[in-house]
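Just so you know, the sequences run in chain order D and H.
Here the first sequence is numbered in the numbering used here, starting from 1 and rising by one per residue.
Here the second sequence is numbered in the numbering used here, starting from 505 and rising by one per residue.
If you are wondering where the hints come from, they were derived from the structure by calculation, not from laboratory data.
Treat each hint with caution, since some may be false.
[Claimed, not checked] Below, computed lysine to aspartate or glutamate pairings styled on EDC-like, alpha-carbon distance capped at 20 Å: (1) H:668 with H:553; (2) H:676 with D:185; (3) H:676 with D:56; (4) H:712 with H:783; (5) H:712 with H:728; (6) D:137 with H:709; (7) H:779 with D:56; (8) H:818 with D:185; (9) H:779 with H:553.
[Unchecked claim] These stretches of chain H come out as covered by chain D in the derived footprint (C-beta under 8 Å, 3 or more residues): (10) 569-583; (11) 649-656; (12) 673-681; (13) 687-695.
Every residue gets a Cβ at the ideal spot worked out from N, C-alpha and C, and that includes glycine.
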Amino acid sequence: MESFSLLMQGLSTALEPMILFYALIGVTLGTAVGVLPGIGPALTVALLLPVTYGLDPAGSLIMFAGIYYGGMYGGSTTSILLNTPGESASIVTAIEGNQMARQGRGGPALATAAIGSFVAGLIATLLLAFLAPQVVKLALTLGPREYFALMVLAFVTVSATFGDSALRGLTSLFLGLALACVGIDGLTGAARLTYGVPQLMDGIETTTLAVALFAIGEALAVAAMLDPPDGMHRVKGSVKMTREDWRRSWKAWLRGTFIGFPIGSMPAGGADVASFLSYAAERKLTKHPEEFGHGAIEGVAGPEAANNAAAAGTLVPLLTLGLPTTATAAIMLAGFQQFGLQPGPLLFVMNAELVWGLIASLLIANVMLVVLNLPLIGLWIKLLSIPRPWLYGGILLFATLGTIGVNPSPVELGMLILFGVMGYGMRLYGYPVAPVVVGLILGPMAEQQLRRALSIAQGDWMTLVSTPVSAVLLGVSAVFLVVPMIMRLRGRGQVLSQVAGDAD
Amino acid sequence: MKHTLLGVAFAAALAVPAFAQDYTIMAPANPGGGWDGTARAMQEVLQAEGIAPSVEVINVPGAGGTVGLAQFVADSAGDPTKLIVGGYVMVGAILTNASPVTLKDVTPIARLTGDTEAIVVPAASDIQTLGDLVEKLKADPGSVSWAGGSAGGTDHILVGLLAKAAGVDPTKINYVAFSGGGEAMAAILGNQVTAGVSSVGEFQEQVKAGTMRLLAVSSAERLEGIDAPTIKESGFDVVVENWRMVAAAPGLSDEQVAKITADMDKLNASAGWTKMLADRGWANTYLAGDAFATQLDADIAATDGVLRDIGLVK
Numbered sequence: 001m002e003s004f005s006l007l008m009q010g011l012s013t014a015l016e017p018m019i020l021f022y023a024l025i026g027v028t029l030g031t032a033v034g035v036l037p038g039i040g041p042a043l044t045v046a047l048l049l050p051v052t053y054g055l056d057p058a059g060s061l062i063m064f065a066g067i068y069y070g071g072m073y074g075g076s077t078t079s080i081l082l083n084t085p086g087e088s089a090s091i092v093t094a095i096e097g098n099q100m101a102r103q104g105r106g107g108p109a110l111a112t113a114a115i116g117s118f119v120a121g122l123i124a125t126l127l128l129a130f131l132a133p134q135v136v137k138l139a140l141t142l143g144p145r146e147y148f149a150l151m152v153l154a155f156v157t158v159s160a161t162f163g164d165s166a167l168r169g170l171t172s173l174f175l176g177l178a179l180a181c182v183g184i185d186g187l188t189g190a191a192r193l194t195y196g197v198p199q200l201m202d203g204i205e206t207t208t209l210a211v212a213l214f215a216i217g218e219a220l221a222v223a224a225m226l227d228p229p230d231g232m233h234r235v236k237g238s239v240k241m242t243r244e245d246w247r248r249s250w251k252a253w254l255r256g257t258f259i260g261f262p263i264g265s266m267p268a269g270g271a272d273v274a275s276f277l278s279y280a281a282e283r284k285l286t287k288h289p290e291e292f293g294h295g296a297i298e299g300v301a302g303p304e305a306a307n308n309a310a311a312a313g314t315l316v317p318l319l320t321l322g323l324p325t326t327a328t329a330a331i332m333l334a335g336f337q338q339f340g341l342q343p344g345p346l347l348f349v350m351n352a353e354l355v356w357g358l359i360a361s362l363l364i365a366n367v368m369l370v371v372l373n374l375p376l377i378g379l380w381i382k383l384l385s386i387p388r389p390w391l392y393g394g395i396l397l398f399a400t401l402g403t404i405g406v407n408p409s410p411v412e413l414g415m416l417i418l419f420g421v422m423g424y425g426m427r428l429y430g431y432p433v434a435p436v437v438v439g440l441i442l443g444p445m446a447e448q449q450l451r452r453a454l455s456i457a458q459g460d461w462m463t464l465v466s467t468p469v470s471a472v473l474l475g476v477s478a479v480f481l482v483v484p485m486i487m488r489l490r491g492r493g494q495v496l497s498q499v500a501g502d503a504d
Numbered sequence: 505m506k507h508t509l510l511g512v513a514f515a516a517a518l519a520v521p522a523f524a525q526d527y528t529i530m531a532p533a534n535p536g537g538g539w540d541g542t543a544r545a546m547q548e549v550l551q552a553e554g555i556a557p558s559v560e561v562i563n564v565p566g567a568g569g570t571v572g573l574a575q576f577v578a579d580s581a582g583d584p585t586k587l588i589v590g591g592y593v594m595v596g597a598i599l600t601n602a603s604p605v606t607l608k609d610v611t612p613i614a615r616l617t618g619d620t621e622a623i624v625v626p627a628a629s630d631i632q633t634l635g636d637l638v639e640k641l642k643a644d645p646g647s648v649s650w651a652g653g654s655a656g657g658t659d660h661i662l663v664g665l666l667a668k669a670a671g672v673d674p675t676k677i678n679y680v681a682f683s684g685g686g687e688a689m690a691a692i693l694g695n696q697v698t699a700g701v702s703s704v705g706e707f708q709e710q711v712k713a714g715t716m717r718l719l720a721v722s723s724a725e726r727l728e729g730i731d732a733p734t735i736k737e738s739g740f741d742v743v744v745e746n747w748r749m750v751a752a753a754p755g756l757s758d759e760q761v762a763k764i765t766a767d768m769d770k771l772n773a774s775a776g777w778t779k780m781l782a783d784r785g786w787a788n789t790y791l792a793g794d795a796f797a798t799q800l801d802a803d804i805a806a807t808d809g810v811l812r813d814i815g816l817v818k
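Just chain D, with the same shape it has in the complex (with noise of 0.2 Å):
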């Protein structure tokens, strides 16, 4: 009940009226920050830290809560209106939140990342407050070899992401893992695929490779139309969501926080898997299967509100333990240590006070970011009615422009434009680009843990099932990949989706 009191205390204080104006500030910031694509979270919170230096801890704290969610949030609204992803957990929302543009019905999908975002926000920073102490000491049981069968799972269940080709689909992600070949093996510093280019030696990053795929890609192929329907994007009907939109995302946005917060508190998941995997449960388990690839409103709804409760999720280690888990977390913790609070086991002890504060802040900010971004989705949608040539032309500057400035480097520009091509020539020819980006992700995650599993057991595979989390999450996965096949070969292919449904 202690930690109650103390978060009142922490909440009074946010609702100063000064306060909240730097929290304003500082989602404004995020979100536009944020909204560039190639520029994720980190460089946002980067770029933006020195900006709450000359604050006192109040102000600075609560302004830096509002910029980490306003940058995980502003990547979403360019996934669904343009199709750009501004980050990798923005990836699989592109896939179903455009096609629901496209169809007129951006507000809808708009409104429910937003509110998405604000329920899973509101539900994981709960979780932080109340249970980060016991969720980092089950996080810390696990080591390499869950890690391996968590991405063996995420693999399996990646087919959701193919659209309707399986052929297809695994091409494009065969292709991803063999760019994640590209760069140096972490395990052994060798340097592979790379043909002496320096720029090559950190592997290809994700979001060039997004960038180009989704963004470049498209803009070259609406640019290739000979005869472009006019005004596709045009809104239809209301930017809110019906009554129909709501009863479907209601349980999509749970079922994302409860898969993004566990997966954010792992130090090495993330919250791209997190989307991923949301992405997969939701398409398993939706009563219209039909609309999946078409603009389902689930497929957005889920992975806004897992990669949110990622985030969240992300600071259970780095609060309990001080382990910056991500790029975003480490700069986080610079952040803290101007006001010399050093993040680890002994923090929640002798800080109590700042440390409920910044959680007070980060409710601060959720609230504050869905009052900045529901009355803008209108504006933001208008962006749609920009004629064409304009649209385009800003996104490819866009793009562009975030991408050198993340990397000046002419060797990203040309692998921008290289993979823009590519991503033109697969829309062409009817290749999904998503699994691309998510082999391209998954597949050093999968490989690095498995060598260092077996590195750590010296090379016995049995360590792999020796635990009962792996062995369960690898058993899962095989029940997933073999029961289909089995189906399909008793051709009974309708009472699959049921079975796979069970297995959940």
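Place chain H on chain D using the hints.
What follows is chain H alone, placed relative to chain D:
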């Protein structure tokens, strides 16, 4: 549209260097890492103390800093306003990546900060001293799994040096590289590995809380306020320090180098820098001019030797 315009301003500030400013510091790494932190700390103090009216930080990540280094040498030659942050990890990365551009191609100005390395085991481990750990290593090198940072980095080098000092074949060590300090620390706390190596600062809070046992530190002398012997005291002749430095462009005149060095001297002497180092938990190991150049050469030679022993450089 206001947001978009604001966004453009930010992106433009990132992508296009502004005119009329005293320094542009390149952090050859992503935001969030130690070099980025050092560059941004310098930026703040140089501006706040009035040493330079305007300082800009740019990030050019990649391959242990060698991508940024190559770009720095190519673009900045003869420009006294350009600085680059680097460190011991870069020395190793240049060797393992066989980088065509090396630290010989820049003008080293000063070593700024240093981190001592620490060797820890999980609290639940039955290993009590560095001696116990080395006994286990001698008996079966593969059975001791070490968690640390990237392959060929300072942590890896320390393990290689220790193995060599203990008479164990350094190519047999079972070093498990993790990306970023957080993941390695989670593996140690979760009892997934035998031992862990990172900077003392990263482990300090855990050691205080009793979740890890600090076996030894890598400095030449014991550290104040830290209750652990040095590796040397424990009987193995190994001293490693992970330092960070600032260097200037190649092709500068003596006056230009002297001016930059004078500015760094001012930075080092300022109250703002002292406070910054204390806040971040960085040790001040300031060393400028010829003394630093000599030290740098010695470090490069020693690192080359150990990386060959481990088998990372052929």
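Hint check results:
Taking the CA atoms of residue 668 of chain H and residue 553 of chain H, the gap is about 46 Å. The hint is violated against a cut of 20 Å. Between residue 676 of chain H and residue 185 of chain D, the direct Cα distance comes to roughly 19 Å. Compliance with the 20 Å bound is thereby established for this hinted pair. Under the criterion of a C-alpha separation no larger than 20 Å, the hint pairing residue 676 of chain H with residue 56 of chain D is inconsistent with the structure, at around 52 Å. For the suggested pair residue 712 of chain H and residue 783 of chain H, the alpha carbons sit about 18 Å apart, so the restraint of at most 20 Å is met.
At most 20 Å may separate the alpha-carbon atoms for a hinted pair to count; residue 712 of chain H and residue 728 of chain H meet this at roughly 14 Å. Taken as a hint, the residue 137 of chain D and residue 709 of chain H pair is honoured in the structure, with Cα atoms around 17 Å apart against an allowance of 20 Å. For the suggested pair residue 779 of chain H and residue 56 of chain D, the alpha carbons sit about 17 Å apart, so the restraint of at most 20 Å is met. Simply put, residue 818 of chain H and residue 185 of chain D have alpha-carbon atoms about 16 Å apart, close enough for the 20 Å limit, and the pair holds.
Annotation: proposed proximity of residue 779 of chain H to residue 553 of chain H holds, straight-line Cα distance about 12 Å (limit 20 Å). Figure legend: the region 569-583 of chain H, annotated as covered by chain D; annotation consistent (4 residues with Cβ-Cβ distances under 8 Å, at least 3 required). Check on the region 649-656 of chain H: 4 of its residues sit with their Cβ under 8 Å from a Cβ of chain D, so the three-residue criterion for coverage holds. With 3 residues bearing a CB less than 8 Å from a CB of chain D, the region 673-681 of chain H meets the requirement of three and the coverage assertion stands.
With a cut-off of 8 Å between beta carbons, the region 687-695 of chain H has 6 residues touching chain D; three or more are needed, and the interface restraint holds.
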